[in-house]
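Given the structure of chain L, go ahead and fit chain C onto it with the hints provided.
2 protein chains.
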Amino acid sequence: MESSAYYFTYEDIHRTVERLARRIQESRFDPDVIVAIGTGGFIPARILRTYIEKPILTVGIAYYDVNNRPMEVPQKIQWIDEVEKKLKGRRILLVDEVDDTRSTLAYCLSELLRNEPAAISVMVLHNKRKPKKAEFPPGISQVFVGEDLEDYWVYYPWDALDIEEHYRKARAQRSPGA
Amino acid sequence: MESSAYYFTYEDIHRTVERLARRIQESRFDPDVIVAIGTGGFIPARILRTYIEKPILTVGIAYYDVNNRPMEVPQKIQWIDEVEKKLKGRRILLVDEVDDTRSTLAYCLSELLRNEPAAISVMVLHNKRKPKKAEFPPGISQVFVGEDLEDYWVYYPWDALDIEEHYRKARAQRSPGA
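For the protein sequence lines, the chains are L and C, in the order given.
Under this note's numbering, the first residue of the first sequence is numbered 2, with each subsequent residue one higher.
Under this note's numbering, the first residue of the second sequence is numbered 2, with each subsequent residue one higher.
In isolation and in its complexed conformation, chain L is listed as follows:
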């Protein structure tokens, strides 16, 4: 069993989102709209909507070009476009699965801030305790983190090619002596 990795089940994720939703509701941050970063934010954002009934917009970026070569600068796969003007003066909750190097979050926050929202907060399931390659831009209201993790690899259930094996590993990780 890999000790330097985390295995989460869908129910873990669901419960983490439920906890986060409660904290967001108890906070002073009342979003008008949820913006999910594709594709890591899709599942957390969709579960969140069960608890916080707000519309979800999505943005997608990639660090690879059409020939699958890595790029320095992220490329917008899909952005918000004609609804972007809807963000002006609104309170945005940006959702992703993990704050790893922080590059993706920082880029998306900077771009969204150009639309002059009234406020913008961030929700992530997990934050890795590690040096970050980017900082949150100034003006972020709050950062809601489900759990802080060591800098290990995280296996999310939606990435499992074999979901039974994934669940076995998740259970093994929690069993006494693991």
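One or more of the hints may lead you astray.
Identical chains blur together in the list; that is why a pair holds if it fits in one copy or across any two.
To be verified - Derived BS3-like pairs: lysine-lysine, alpha-carbon spacing no greater than 30 Å straight-line:
no., residue 1, residue 2
1, K129, K55
2, K89, K133
3, K131, K89
4, K170, K89
5, K170, K55
6, K131, K170
7, K170, K133
8, K134, K89
9, K170, K129
Keep in mind the hints are simulated off the structure, nothing from the lab.
Structure of chain C alone, referenced to chain L:
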């Protein structure tokens, strides 16, 4: 226990997507891009991407106006816009969770067909056996259905306010004598 409802766990959904992915791969349909209908298609599309590694674009429509009044005509919450031209000549796989009245699928298919894709197919987790309010427009390549269901209410795990209760109901439904 409600006999006229279905309860699915996340693992059910994951396995259904895995089966569908295999069928899509065995078919002659090789998509360039996955288009997920928000918000029902987010989770199936994200799981699908684990098996079929294609970029996901999202579209969102609503049948309610800003004052929460029902509308006859769907309103685009988010569409593909500047990347829409990327659809011309491409093979699209449109993903949603359920084919219920077929209205949403038919609307999205008609709109996507305006971009002159090379081909367009549909994947849904579930199809309800019932009279449909709309037909698939002509020119759809294939419709991949995970499972045909009676016209009962479907409880998806991502809609559960209490995930433990949801799993209890899903298990009870499968136990002998249920």
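(request) Up to 30 Å between alpha-carbons, please classify K170 paired with K55: within, between, both or neither. (result) between (34 Å within a copy, 27 Å between copies)
(request) If the cutoff is 30 Å on CA atoms, where do K129 and K55 land: within, between, both or neither? Let me know, please. (result) Answer is both; intra-copy 27 Å and inter-copy 27 Å each pass.
(request) Pop the pair K131 and K170 into one bin, within, between, both or neither, using alpha-carbon distances up to 30 Å. (result) Within. Shortest intra-copy distance 25 Å satisfies the 30 Å Cα cut-off; inter-copy 41 Å does not.
(message) Within a copy, between copies, both or neither: which one fits K170 and K129 at a CA-CA cutoff of 30 Å?
(response) within (20 Å within a copy, 35 Å between copies)
(request) Since the copies are identical, ignore which copy is meant and state whether K89 and K133 lie within 30 Å (CA to CA) inside a copy, between copies, both or neither. (result) Within. Shortest intra-copy distance 29 Å satisfies the 30 Å Cα cut-off; inter-copy 39 Å does not.
(message) My question is about K170 and K133: at a cut-off of 30 Å on alpha-carbon distance, are they close within one copy, between copies, both, or neither?
(response) within (29 Å within a copy, 43 Å between copies)
(message) Checking an output row: K170 and K89, CA cutoff 30 Å. Within, between, both or neither?
(response) Classified as neither; 45 Å inside a copy, 43 Å across copies.
(message) If the cut is 30 Å between Cα atoms, do K134 and K89 qualify within a copy, between copies, both or neither?
(response) Within. Shortest intra-copy distance 28 Å satisfies the 30 Å Cα cut-off; inter-copy 37 Å does not.
(request) Using 30 Å as the alpha carbon limit, work out where K131 and K89 are close: within a copy, between copies, both or neither. (result) Close neither inside one copy (33 Å) nor across copies (43 Å); limit 30 Å.
This entry does not satisfy hints 3 and 4, going by the numbered hints stated previously.
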